[in-house]
Amino acid sequence: MIFVNQIIQGVLLGGYYALIACGLSFMFGVMGIINLAHGSLAVLAAYALYVLADRFGVQPFLGLGLVIPLMAVIGWAMQRLVLERSARGGLLVPVLSTFGLSIILDNLLFQGFGADTRSLAPYIGDLSYDSWTLTDDIAIGKLAALTMVVAVALLGGIQIFLNRTQTGRAIRATAEDPDTAGLVGVNARRVNAIAATIALATVAVAGAFLGMRATFEPYAGAAQLIFAFEASVIGGAGSLWGTLIGGIVLGVAQSLGAFINPQGFFIAGHLAFLAILFARLFFGDLGQRVRTALTGGARS
Amino acid sequence: MSAGAAVVERWTPESRIAVAAAAVIIAVLAVGPAIFSANAVDKLTTLFIYVILALTWNALVGFCGLVSIGQQAFFGLGAYAAIRLADLGVSVYPSLFLGALIVGALSWPLSLLILRLKGGEFAIGMWVVSELAHLLVNLDTLVRGETGTSLIELNAYANDSRRALTYWCALGAMAGLLAIVFRLLRSPLGAAIQAIRDNEEAAESIGVRVMSAKRLVFMLAAFGAALAGALWVATALTFQPKAYFSPLWTAYMIFMALVGGLGTFEGAILGAIIFFAIETWFGDMGVWYLVGLGATALIFALLFPRGIWGWIEDRTSLRLLPVGYRVRFGAESRNKGQGGG
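Just so you know, the sequences run in chain order A and C. All residue numbers for the first sequence refer to the numbering used here, where the first residue is 1 and numbers rise by one. All residue numbers for the second sequence refer to the numbering used here, where the first residue is 1001 and numbers rise by one.
Where hints are given, some of them may not hold.
Facing chain A, a subset of chain C residues (Cβ under 7 Å, in silico) [unchecked claim]:
#1 1084
#2 1119
#3 1120
#4 1124
#5 1290
#6 1297
#7 1301
The following residues of chain C were derived to be distant from chain A, with all beta-carbon distances above 10 Å [stated by the list, open to error]:
#8 1024
#9 1116
#10 1149
With beta-carbon atoms standing in for the labels, derived distance ranges [claimed, not checked]:
#11 1201(C) to 261(A): 40 to 48 Å
#12 1165(C) to 278(A): 50 to 58 Å
#13 1108(C) to 135(A): 43 to 51 Å
#14 89(A) to 1237(C): 37 to 45 Å
#15 185(A) to 1201(C): 50 to 58 Å
#16 166(A) to 1248(C): 39 to 47 Å
#17 278(A) to 1278(C): 34 to 42 Å
#18 1248(C) to 69(A): 31 to 39 Å
#19 185(A) to 1101(C): 54 to 62 Å
#20 189(A) to 1248(C): 32 to 40 Å
Note that these hints are calculated values from the structure, not bench results. Don't be surprised by glycine CBs; every beta carbon is placed ideally from N, CA and C.
Just chain A, same shape as in the assembly (with noise of 0.2 Å):
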């Protein structure tokens, strides 16, 4: 029943995956950039959380009404100054400017809050801790549950907004063919800033849920890129509902890790990340035949 438990809660975790990656992966499918800042920047979403709540007494969720806003702002910011300048030098720039931004911002909240870790589950109550009990062994927490709930309804509102809205299609056409969308009238620029400022307030949200669950301090936003980044590639990168797949596979791999050793956690991640790519370049035409042979078999 250890072992059950270890998987519920290794999904539970892939929730929170999921929710970090969301941002990442979608700016990684429409632009084709993947932000090496967006670690750091969930990061500095949690340390605008925590001033809001230590200083003012802003209760973190009532504090992401303000915080959204304020990430939104900079991802268009940062599209407008940084990403579309570097998408423009080619492939290799955007990698180069976004680390550069990750070591300005990791190193500038080193410098304004220090080396302390800090978290925002005293402002919570009991949410940060409170769980349903089901059996002797397995409980689930609060916390973790509305994460899943939330990574959800985020991935799900973002699914939505791309199939029926306009601008929505429009941010489609531009991932799918730039040129060709401009042609139609598509406004290329508009597109993509509106994509990086939907991509920072999901980044916000990860950052609030980042430091509700767990501690923090300046140069958290490495690990946070790192689990990113897997859950995305895992479930197919630029793919919204991969990513919650892809999320819970790394979740369930750290979880299993960490029961077989104590520093199995991360390895454990790590190797289920680089088995899943390895397993993709040599067996995913044997995927591919296996479906095949099995619809033609159908058919005959």
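Start from chain A and add chain C according to the hints.
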């Protein structure tokens, strides 16, 4: 071809002088420990290691177009391999080079997997590899987790002879790698590598063996970073995994290559010297120094992606260590063009 038409040239009088000067400088540096103060010898050793890092990262990124954020994997593994080999009884200085060779060889199976990733995915994929390497090295009881260990076998040497030997190793490694990368970039393979950077599909369509060319540069860069890591542990003596597997090393490499001139051979050397000077002057400023490095890298990436040397190359005809060909119009050939290109 009619007289006065385009001429393809590679060597110029300036570049012959520059190569000769480089050889003389290295020869003079070789007697360094006999002339310089102990502090200067240590400083120069550090500079040589920076040149190795900048040179091999620039070969990977500037010439091959593979941005890696995970070269600290090889840097850390190089240091770790040297410590492991020395612990097994291999003589300590040979173990620096042997360790780097082993890490370079290990990068071959890794390349089969990681080189399938493109662009930003490759960049962070390498970062994941470095995190994994860090965690696995921590499992070795010799390293004692984050506490780390030291290259105690070096204590067998007196301070002065250890300083001189490490200096010569670093100088030899730098000179060797400069020569190898220079030769490589000037060979037909060098042209193939740069073609891949500019347009992979087009390069493949004209018969460039993309994967094997990428793999060669990837392994060379892995070897270079590993050797730099091994030399670093020989100067620092202590090995703390966190300090060696830190993405800050990649930040330094990015800074050196970007500021010096991404994709220019001279730029990597220039970038290492600039970084070395900035670190000497501003390194004490701690956090603001790192903010400054990040900001400079960002500004160069956005506004001057070809760096200082690229700026010089674009405005003058100066080519000190030419790795490419160039076409001169309406001028007589100053030497016999090699006719390739």
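*Check each numbered hint from earlier against the structure, then list the numbers of those it violates in ascending order.*
1, 9, 12 and 15
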